[in-house]
Structure formats: C-alpha cells, structure tokens
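Asks: Going down the list, the protein sequences come from chains A and B.
Everything in the first sequence is counted per this note's numbering, starting at 1 for the first residue and increasing by one.
Everything in the second sequence is counted per this note's numbering, starting at 1 for the first residue and increasing by one.
It is possible that part of the hints are untrue.
Any copy will do: because identical chains look the same in the list, a pair fits if it lies in one copy or spans two.
List of simulated lysine to any residue pairs, SDA-like, C-alpha gap at most 25 Å [said to hold, decoys possible]:
| # | residue 1 | residue 2 |
| --- | --- | --- |
| 1 | Lys359 | Asp369 |
| 2 | Lys359 | Arg206 |
| 3 | Lys359 | Asp339 |
| 4 | Lys359 | Val100 |
| 5 | Lys117 | Gly257 |
| 6 | Lys359 | Gly144 |
| 7 | Lys359 | Glu241 |
| 8 | Lys359 | Leu316 |
| 9 | Lys359 | Ala336 |
| 10 | Lys359 | Arg101 |
| 11 | Lys359 | Thr344 |
| 12 | Lys359 | Glu244 |
| 13 | Lys359 | Gly340 |
| 14 | Lys118 | Phe238 |
| 15 | Lys359 | Leu334 |
| 16 | Lys117 | Leu73 |
| 17 | Lys118 | Glu244 |
| 18 | Lys359 | Leu372 |
| 19 | Lys359 | Leu320 |
| 20 | Lys40 | Ala55 |
| 21 | Lys40 | Val291 |
Hint data in this document are derived by calculation from the structure and do not stem from the laboratory.
There are 2 protein chains.
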Amino acid sequence: MNAQLRLPHELGVIELAAAFERGELTSRQATEAYLARIDKQDAALNAYLHVTAHAALDAATASDARRAAGQVLGPLDGVPIAIKDNIDVAGVPTTAGIAVRRGRLAHGDAFVVERLKKAGVVILGKLNMHEAALGATNANEAFGNCHNPHRHGYTPGGSSGGSGAAVAAGLCAAALGTDTLGSVRIPASYCGVVGIKPTFGLVSTRGTVPLSWTLDHVGALARNVADLGLLLDVMAGFDSESPESRPRTTGETRYAGPYSQRLDGLVIGRIVGLDAVSLQPGVVAAFDRAVETLRTLGATIIDVRLEGYDFTPLRLQALLAIEAECAVVHGDDLAADPDGFSETFRTFVGWGARQPAHKLATAYRAVADVQLVVRRALAQAPVLALPTAPHEAFAFADPVPHVQADLTSIANMARVPAISVPMGRGDTGLPVGLQLLAGEFQDALVMRVAAAYEAAAAF
Amino acid sequence: MNAQLRLPHELGVIELAAAFERGELTSRQATEAYLARIDKQDAALNAYLHVTAHAALDAATASDARRAAGQVLGPLDGVPIAIKDNIDVAGVPTTAGIAVRRGRLAHGDAFVVERLKKAGVVILGKLNMHEAALGATNANEAFGNCHNPHRHGYTPGGSSGGSGAAVAAGLCAAALGTDTLGSVRIPASYCGVVGIKPTFGLVSTRGTVPLSWTLDHVGALARNVADLGLLLDVMAGFDSESPESRPRTTGETRYAGPYSQRLDGLVIGRIVGLDAVSLQPGVVAAFDRAVETLRTLGATIIDVRLEGYDFTPLRLQALLAIEAECAVVHGDDLAADPDGFSETFRTFVGWGARQPAHKLATAYRAVADVQLVVRRALAQAPVLALPTAPHEAFAFADPVPHVQADLTSIANMARVPAISVPMGRGDTGLPVGLQLLAGEFQDALVMRVAAAYEAAAAF
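Just chain A, same shape as in the assembly:
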C-alpha cells in the first residue's frame, strides 16, 4: 500500500500509523486533511458538535516533533480520532447531547481520553449523540439530527450516532462511543463500520456523563477490527478510582492483531429463536450468508437458544434501571432547568424515577440474571453470533422500531464483550451488522473471530 495514492482520510488507524512511520505523511498533514474534510462535509452530516482544530493541530505538531526525535509513543501517536460528546476532553464542553449542558466545560480528561492522549492520539473534536444517550436514532432537538452517511435523512443509529457517521464518512480515523443497551453497536451496524462494547469494567467510564453506571460501557468504532484492537489495547486498564472498573483477568489480554485468517476448531453458536424480534428479510439473508462464511473459515456452527430470555421484557427492565439512574445523574439539572431537556426525555426519566423501589429492585435482579442465560449459552459455544440490529437504518420520519436494541442489550446485561462487524447490505441497500459475543474478558476472542470474518467477507 502506498499512502501517496490515497487521501489521508481514506486511511484507517493502522494505515495512518504505517504512513507516518514511512515518512509518507505527517500527523499535521493528516490532521489538516481531516479538518478540511470536516469543514467541507459535516454541514450536511452534523456528526461533530465541536471541532477542536487548534488543539488538534498542536497535538499533531507535537506528535511529528516526537517522531522526528525518535520518541514515538506507540502506533496511535499522531492518529486523529474523535470523541463522543458524553466523554470529557479537558477544556472542551461535554454536552452529552443535552441542551442544558451546552457550553459546560470539562475540567479534566476522562480516564480513557487521558490514556489515549498519553498514547499520542490527536483529538479532532466531540461527536453528536442522542440526547443523554437515552435513545438510538441521534435525532436531537437541541443540536440537530446527525445523518447516516449512506443516506441523508436516515438515522446513523445511536446513541453514538456521530461516532458511527464520522467514522463511516472518513471524518476521523476512529471514534470513541458509549454503549448502554447497544449505543456503539447499533450505529456501527447502521453505518457499516466496526464497533465494540468491551467486557463491563474493562474500560473505565470515569469522566463520562453516565446514562446508567450499571450498564454503561465505553467502546470504540473504527473501519476495521485491527484498528479497533490498537485502540482497545490503550483504552483498557484498571482505574482504581472507578468502582465499576475491573482488572483485566487472566487469558488473552492483547487486542491488537495480527489475527489468524482461520477459525478451525472453534465452535460458534448461531442464536436461534429470534421470532419475537421480527428481523427484516434482508437481515436474515445477510446473517445466513455471514454464518456460512464463518463455516468456510473452519468454524463449527451449532444452533444455540437463549433459554428463558425474553427479549423485549428484559430490555424494558434494563430501561427502568437506566431511567432511575439517569434521574440521579441529571437530578440537579432537571430540577433547575427542566426545559434544558426534551419533553420525551423528561417524560421517560420522570416516569422511571417515580416508580416504587421494589419495582426497581426487581428490574436489577432480572438484569443481573441475564448473566446466567448468556453463560449457559456460552457453555455450548464460546462465541455466539446474531445480527446486531433487526433492521437497516430507517428514515427520521419513520417510527422507531421498538425492538431496535433487543439484540444488543443482552450483552450489556450479561456484561460480556460484543462486537459488530459489517455483514453486507439489507433490503434497501443500507449496511447491516453481524454481532459476535463471548464470555467475560474474552474481548480478544470476539476480535479474532470478527477479524477473520471481516477478511473473508471483504465488504
């Protein structure tokens, strides 16, 4: 590959790193190219809420200086990425997509941003999202809708809609997102990029605006699995100041490639019994092809049922936990300035906050028990495959499918890693995603399977 033949925004994380390494491109050049592209293209997409051009150029210049001095910090040094706007970047507003937080500056970096900065990453700006991360369309009254780069007027998914759109449109090399019921994976699926929700606690959420501290995860979206692996290797790390952070346990703890192209000897469970989720025909067909591809890679495919798992009711139990916790997180703002939130948000959260405590305790119990359902399924096959979303992206004018997060929320409740990787196109030609799950702290395993699939499918 010769980077000179391609524009900087066409290169992913690893390709940029290689181009920097060969001296074909500087971080400053790449950063300028991204900023120019954002300037030109983002008016239509609205993926960025805040572009930190000056800081990005300064960081790029510093990266180039390090490189010139032979002091490169690692493969991410100088790579331009962007950050979902519920994750603190010091000195920049963290709106979480909520009107009331407009202009509210972050005093410090989120734990994960601090780690990325220490690895030399250049931060281009903050990305649009569904209000407070409570929803998955990125329709946003306060900051404007973010559009799907594949079809204007269509949702990029959410809540990390800006992250999905920016990565897909080449407005950053990769992006951070957060995922509480599917908010990284749904936009990855809708926008045709790769996204991972790691094991609960593997990546610290400190310095993010919580939606639900019991279900929130910080994840990332990128153009390919290997790019994601480089990011996750930097993002994952124990944070003693976060009660939700957990040390990496034994087993594979390196997420970057190279990955094997084969899956010989691996048993993959194809999740069956999804009737209640009403998959679009195009998703079913793409999923069937994806499973065949996994089989041709050497994997043994077996059918696995999530025994006792009731998709929509359990997602609604999780939603109650989210609403109650969200009411705590935004309690002061809701009291001081209720009009700083959408009516939809106020209604949902107000309802959840007023429910009796025993109902919330019941919801927490049900959510925790999902770990057992998934463990039993994983006892049959160490990797589980299912579609990421039951459908392609839809128009903002269309009703939101109520099953939108039914296939993703299970991994949040089960606390297991889940990745979404493009599996082609659905009924109307928009991207759809293949979702892979594995056991707690088996993040490297889902990445390995996703990488082999990605290479074979070559979408």
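Assemble the complex: chain A is given as a structure, and chain B must be docked to it using the hints.
Replies: For chain B alone, kept in the frame of chain A given last:
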C-alpha cells in the same frame, strides 16, 4: 494434645480432625457427644431451630467407614458443624427465622453446603437467626430469642446469633453464617469467637434466602482462625449459576494455616476518626491493647482515616437497598400472609419498598462508592484494623444501639474481606472483637494477621 483428656465438644475443627486421624475419636462419637450436649444445653440458649440428629449420625457413620477404608475426603471429613437457617440443607426446613417459612423444606443443598458435604462435613442442624437476617440482636418473636452463652438474657448478636452462640457454647465445631451489614462479625464479637465475611462473591450465596443480593455474603464462625481457614478453603469456589459469584483472582488463594506468628514488615492502618460511632470505653481500651499487640508482632502501625466516609448515613443507604431487595425476595409471602412476618419487619420493608426509584438508585450509587473510600485507605496500609462493634453485647431489654453495624457494614459495601477475632473483654466483662480488613480477594491476608494476633493475645 491428647483428645482423650478433653471432651469432644472442647475440640475445634483441626483438633477434631487430628483426633479422628489418630484414631482417638470417631466422627460418630463426636457427633453423639455434640447431640447430647445440644439436648442438654440448648433449651436455655435456643441456638438450634432444627437438629438433624438422624442425618448427622448417618453422615458420621459414613465418614468413619470412609476413614476405615482409607478414603478420607479431607480435613473436614466427619467434623460436626451447624448451618444458619437461611442456608438450604436438602430435606430440612429453611425458615430464615421468619414465621411464614416455618416447615418450608429445602429441595436441595445450598452451593456451599453441597461443597461442605462433599468434603465430608457432618451437619448437626439449623441455627437460630434474626428474622430474615434484617437485624442484629436475634430477638425473634416467632422462634424465640437466642441467648448469649456468656450471659443469659443478653443478645448473642445477629443476624447469625445462633451461629455465634452455638460455636461459643460448644454446640458445634464451627458454623456457617451470612453477613449483609455485619451479621457474621457482630455475633462473633459478642460471643467471643472468630468470624469472617469473605470478599464479595468468593463464596456463592446460591441456595440461601437473600436479604440483599448486592450486599449478602456467606461466611463462617469458628473457635480459631485456623479452623475458619479450613472451612473457607472448601467454601470458596466459582459458581457459574450465581451472577454474584466471582472466580478467585490471582494472589493467595489458600486460607488454611499454618500461619506465621510474626507480622514483620506489614503496615497496618489503625482506623481513626470514629467519634461519630461512640465506642464504649472498654472497647477503646481493648482496641488500644490489640493494636499494641500487633505492633509487638512486628507490624508498623499508622493512623488511617476513612476520608469522606459518614458511618451512619451510609449504613442507612445500604439499609434502603436491603429493604427494597428484601421486599422483592419476600414479596409473594408478604402479599399472601403478612402476619407471617413481624410488624417491625413489615414496617421497615414496606417503607423501603415504597420509596421512589430515584432514591434507591441514589442509595446504590452511594453504596458502590464506598469501594473507593476503602481502596484509598488500603493504599495507605494493606490491612486496616478497627473494633468489630462499638460495644459489648447488651440485654434484650435494653434499646438496640443505632450504631450497632456502623463499623461492620463498611466491608459489605466495599466488598472486601473482614474478620472479627476476640480482643478480650469490655466494660462489663463480655467479649469484644477486633476487626481486620484487606483488599478484595485478600482474604488470606486478614486470616494471616488474625492468626498471628490470636496466638499472641491468647484470649
């Protein structure tokens, strides 16, 4: 030691095992001796709710047969212990000290009971407890108060009051208890025995009647630390069918002795700033002496403050979580037969259950954040020392001190191991306990320190 010179009930777990090994005593003899002693002494104490004499004798006979065949299962084989009545033993009622559950048979063994049975333990019966484990006096309207063996008419502590009393009175070699805010350690302190609340999740709670699944721990009470270590080595183990169970992580994972008699090089943090908890003078004096003993063993003692920790308010936040979860656990029974619970229980639990969800979510957040307070303290010293309870046991006729669980509940919220070991006598000559805490999964460390202290203090 020659077991022939002492009665079977005077021997602890290790001593019994040694006597069995030397052929000086059979499990059948020991079991018969315990049953006779229970028969004679328990009418006054009321430690047992149910004596499983036939099953115990059968198990003892089987143990003796294994020994004769050279097939001993381990050091616990044939040792008679007893089980708190909120832990399932197959075929025996599990009342949890609640009238409504009288006669309700357990269909299977709790995970931990199954493990103990597989190790050859003989189960003498089920032990009295505070109603539903919600309280720490073991005053019990339905099943009668359990008395402190050191002074009749006085509380043995709770909720595992029967466990503390039975171990102290020699009515079993050791006992299982549960601990949600201090329910193993408070009776250990009041009754002058050793008790441990392990790291959250180290011992599975499956097959117990929950008080609060987010704060419950199964622990044990014994006459000395080494006995406790043998039990914990069998009790600890990952239970894939419990969402709260966690694998033992790296580090020391063997809990049985022999332990070093010295603590050279170890830094122990003496917790200061306990004014709000109003310790009795006798507890302060005993604690000062205990700290001096730790110093003479070679430990370096430093003062450590639990910065930002507000004892009573945080214990009350935990109590709200408990009440809400308890309302879920006993919801069906409360609806079907409210009179099967005490009025006190109904009032507490009903109040908690009716609170708005946002208040419960706030409580969970506060409880989880206690992990940080303790981590910061443990960063100063890997072991923390404080009294177990602010006072000696009190008369049933006296008011219950509201600070009763203020010193123990912190370890439940922080999820760290905590042991209570006798530290002499308080103002009126009743036992008081020294509490030792360490980091998550550092259970072996608290046992090691407790064992060295126990040997030096020799109470």
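Asks: Tell me, which hint numbers fail for this structure?
Replies: 6, 21
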